[in-house]
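Trainee: Whenever a hint applies, use it, and build me the whole structure from the sequences.
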Amino acid sequence: MGFKQTLSKGLKGFGRVQVSHGAVITYTALLLILFIAFTIRVLPIRWEIPAGTLGLNEFDPYYQYTATNYMVQHGLLSPYWPTHWINTQQFYPAGIDMGMSLPSLPMTAAALFNIISALGVSIDVMSFCALLAPVLGTLAVFIIYFLGKDMGGKNVGLLAALVLALSPSVIQRSSLGFFDTETVGVIALLMFIFLFLRAIEPTRSLRSMMLYSLGAAGALAYFSGGWGAAYFLIGLAVLFVLTLVLIKRYSQRLLISYSITFGLGLFIATMVPFLSPSYLTTGVVLPVAGVFVILCIAEVLRAQISARTKTIVAAAFLVVLVAGVAAIAGFGDISNIAAKFGSVIDPFERASLPIIESVAEHRITAWGSIYYELGIGVLFFLLGLYFALKNPTTRNVFLVIFGMTTLYFAGSMVRLLVLLAPAFALLAAIGVMSLLKPFYTLLRESGVRATVKSKRGLKRISREYSAIVVVIVFLLLMSNYAFMPQSGGQPRLYNSVYGPITISASSLPIGGQYLQEPIPPWRDMLSYTRNNLQSTSVVCSWWDYGDWLGMLGNVTTLCDNTTSNTTQIENVAYAMMVNETQSAKMLKHYDVQYMLVFVTLQVEVTSDGSISGVSFAGYGDEGKWYWMARISGEAESRFLTDDTFGTSWMNDDYRWTDETAFGNTTSDSSGNQQFVYNDMGLNSTVYKLMSATEQQWAAQYGLTVSDQKAEAPEYFNQVYIAGLDIDAYTAAYLYGGLVPLVALYEFDWDAYNAATNSTATP
Amino acid sequence: MWPKVPDQHKPGKPLVPWGLGVTYVLFATVYLFLVYFLKVDSAANGVSASLTLAVCILFGGFMGMLDDWIDLKWRYKAFIPLIAALPLMYYAIANSETVRTSISLPFIGLIQFGDFYYFLIIPLMVMIVTNAINMLGGLNGLETLCPAIVLIGLTTLAPASAQLLMIGPLVFWLILSYFNLQGKLFVGNTGSFAIGLTVTAFAVVTDLKSSMLISILPYIFNSSFILLSVFFVRKKANVIFDGKRLISEHRRSIVTLLTYRRPLTERQVVAAIAVIVAVFTVLGVLYQFL
Chain Y
13 MGFKQTLSKG LKGFGRVQVS HGAVITYTAL LLILFIAFTI RVLPIRWEIP
63 AGTLGLNEFD PYYQYTATNY MVQHGLLSPY WPTHWINTQQ FYPAGIDMGM
113 SLPSLPMTAA ALFNIISALG VSIDVMSFCA LLAPVLGTLA VFIIYFLGKD
163 MGGKNVGLLA ALVLALSPSV IQRSSLGFFD TETVGVIALL MFIFLFLRAI
213 EPTRSLRSMM LYSLGAAGAL AYFSGGWGAA YFLIGLAVLF VLTLVLIKRY
263 SQRLLISYSI TFGLGLFIAT MVPFLSPSYL TTGVVLPVAG VFVILCIAEV
313 LRAQISARTK TIVAAAFLVV LVAGVAAIAG FGDISNIAAK FGSVIDPFER
363 ASLPIIESVA EHRITAWGSI YYELGIGVLF FLLGLYFALK NPTTRNVFLV
413 IFGMTTLYFA GSMVRLLVLL APAFALLAAI GVMSLLKPFY TLLRESGVRA
463 TVKSKRGLKR ISREYSAIVV VIVFLLLMSN YAFMPQSGGQ PRLYNSVYGP
513 ITISASSLPI GGQYLQEPIP PWRDMLSYTR NNLQSTSVVC SWWDYGDWLG
563 MLGNVTTLCD NTTSNTTQIE NVAYAMMVNE TQSAKMLKHY DVQYMLVFVT
613 LQVEVTSDGS ISGVSFAGYG DEGKWYWMAR ISGEAESRFL TDDTFGTSWM
663 NDDYRWTDET AFGNTTSDSS GNQQFVYNDM GLNSTVYKLM SATEQQWAAQ
713 YGLTVSDQKA EAPEYFNQVY IAGLDIDAYT AAYLYGGLVP LVALYEFDWD
763 AYNAATNSTA TP
Chain X
3 MWPKVPDQHK PGKPLVPWGL GVTYVLFATV YLFLVYFLKV DSAANGVSAS
53 LTLAVCILFG GFMGMLDDWI DLKWRYKAFI PLIAALPLMY YAIANSETVR
103 TSISLPFIGL IQFGDFYYFL IIPLMVMIVT NAINMLGGLN GLETLCPAIV
153 LIGLTTLAPA SAQLLMIGPL VFWLILSYFN LQGKLFVGNT GSFAIGLTVT
203 AFAVVTDLKS SMLISILPYI FNSSFILLSV FFVRKKANVI FDGKRLISEH
253 RRSIVTLLTY RRPLTERQVV AAIAVIVAVF TVLGVLYQFL
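Taken in sequence, the protein lines are chains Y and X. Letter by letter, the first sequence follows residues 13 to 774 in my numbering. Letter by letter, the second sequence follows residues 3 to 292 in my numbering.
Just so you know, the hints here were simulated from the structure itself, not pulled from any lab data. Glycine is no exception: its CB is placed at the ideal position from the N, C-alpha and C atoms. Among the clues, some could well be false.
[What the hints assert, rightly or not] Partial list, derived from the structure: chain Y residues whose beta carbon lies under 7 Å from chain X:
(1) I388
(2) Y477
(3) I480
(4) S491
(5) Y493
(6) P497
Mentor: Structural data, given as structure tokens:
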């Protein structure tokens, strides 16, 4: 048939497109789910509209934004080639090597931004990045529909899509402004699973298998270059393939597909500077080669050769495998994976790593968090596992391994609940659909009666009774998504996403329909630094605020969430925890001119509605200084021995390993626990600055301070405190009694020099 | 509409509608949802008591339906209720100021469990009570009347706000009990598991576990009897119906104990067991005032 005929037939057929009723319902439902997924994820926009621009959530997304912005301005490869871009405005003075950043997310964003800019759409890069997160989150929901469809049909696909669309952890990490690695990570994870499982399907043609394998390789490379959790996917795939071999499901197709996927995928991944060829010898990636050898052995064993030859060849392969591993280990080339990833496998290892444990999302997941995430829906997850095990097809074997491993890792680290979510969605969907299938069939087809086994001697159940089963499952799902007991009857998404992004909430944990406007102090402070300080002015603050100060406040910072230089974070923690004189030595070392502290206060309201006093609330540095003490305490031995400046940073009379050196926890008469600072605590730089800020706000409104008061700082002069204009009644009635204060202090080098007879200047 | 099964202890074995416990599940769920929507129950510390109860009852009904459908093996049936312990554990932890982690028992005194109460005692209570209530049945009225007596005792003791949670479901269950006693319906495993979880969940939410444990002692006794017989004698409890009365040749459950070489009508057996449960429930109620 010629082209003309084909075109003619196509055009004629276009007018007679026939879509089944079922297809219309399916795609309408899918569109509705996608609409819901996107709408939920952009809920925080309500608080961004008054600001006039869309901001990014939390802290890490600003790092991704920096790379994206640089790529937009200088080209997609600019941070990596021809030379690495060193951003000296962060982690001053050495800066951050942005060439060691993972490229998938910023490259995707920059490429898409260039495309829509070329199409004439006018939007700033940050707003685009903020919006891209919900778009990618919705795309993940779209992909899981196809994956679920492969696993158990359209119904499973639709239900899995809905479950993922409503998953609190995924919503949180793909909501407006959450421009971070997970957004592309979940997409790559789902794409890899979808394509790889299709590639190894025995019914596909060779050409189709090759295409799917190439696609899976691309997804693997994209994941590896986008999120550190690629280690998990690699380990999962290797475990899956090994399991297939062990349960005698080996096929030549598996060998070919595996070789193409991992060979090409990992080859591309090694092109990423951060990964480099040494990625192949990490403890997690090396088993890829081991399983490849096992697949080769399996291929040899199925060949029509004598048993003796098989034995010799298999033994030879095993010797090569063992010798290879031993040789690589002997040469010391098996590199350990980063501590954070290793500690996921062994969560107790994190107890010795305060720099990781200090981040809330890296902590071990409390069972309550898992229940809060899954609710009573865990029942369907377990049913899904049961039905998958009962029918162990290749896909179901994968699903069981996927579900069990992600459950373990999600239990190990809060952040990895996002990995569990797709597995949960698929298994819960399979659980619900497999359970309802007989009842659903009974409802649809008259004359069919489901048989049951019962002690009562019942043989069949009626259509009406089947309907009740469906209703009960529906009610269970409803109580799991719409009216959850554990969130006071509110849908979980309210708590997950219905609130302003972190900076618009000024880092306060409040949101919901009663918060009408963004909370201004943090934006005010960043506006102040942007307009009144130089970009070269060095501002010392705790790492959480480094990204905001550097990228939005346009000043130079010492540390941020990138944690690329842990020694420097320890030093900043030290400068915060020591007294002013000692702190000055560290500040001089880094040319610091300003120090910034963030304090949150709790207004105390009496039963008659009057304001009685104020105390620290715990959401600012007053709740984070424990980690400053622990992180600097981790470096105690270094601070004791390092005498770079003629004297060590710590000595036998002035040393600590954690917060207990600064005071102790006691119970008051009501049994409430409170921390009582000793002299060392009261004289620490961070406490002095926090206390001064608190006292200034309390004095302005004539309120009593309930906390211990520190003496006024000797060498720090107040420059600007954002939030002083929030009065006690505004705080009590609009912000749940919380007052956020961001305080900027300038170090008075003249006063310090005069007092210490030195000539130090930054 | 309803599936029917023969009533084994009636002459001629008439067919009786079976599985009507599901109506209790649906009624209780709708009632508790209404309590939530009408804001009668305020979510204490962010966790709703009415919805927690609703989820537990729903789960109980769901599990009962599974049992009716695929006849769950005992090893699964024993542990599946643990899932229903999750909402209760979450509720108890969120309300740790009002839900005590100790249990006071007669002759033993106060036992302080600390965090073990959340992670060990609540799951154990859910598992034991639910299965124990499920195991005492098989006679008209037995599986409905006795749990109703226990629930009446607990509801009497509960504070007014919690009484409101249980009034509706209890009245509905009593109606089912009436018809069940008449031999006009069976609640099935759906009803049995749902009411078992209702008793446990209500006791945890209202912090009346001591009274609940005393009230259900006859159930515990019955289950222990059955399980010990199965494990050691390898024989199940069985009662013979001679056309008018029940009689048994062994003593392997509370029913066979009462009918051991002593023929009794079905109604007499149910009345005797109900009286025993009532006595223990009264003891449980009185213990709360000691």
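Trainee: Take the hints in turn and mark each one as holding or not.
Mentor: Comparing the hints with the structure gives:
1. Residue-level restraint check for I388 (chain Y) holds (minimum Cβ-Cβ distance to chain X is 5 Å; threshold 7 Å).
2. Given hint, Y477 (chain Y) at the interface with chain X, holds; its Cβ is 6 Å from that chain's nearest Cβ, closer than 7 Å.
3. For I480 (chain Y), the shortest C-beta to C-beta distance to chain X is roughly 5 Å, which falls under 7 Å, so the interface hint holds.
4. Interface hint status for S491 (chain Y): upheld, as the beta-carbon distance to the closest one in chain X is roughly 5 Å, under 7 Å.
5. With its C-beta approaching chain X no nearer than about 12 Å, Y493 (chain Y) sits outside the 7 Å limit, and its interface hint is violated.
6. Interface hint status for P497 (chain Y): upheld, as the beta-carbon distance to the closest one in chain X is roughly 4 Å, under 7 Å.
The structure shown violates just one earlier hint, number 5.
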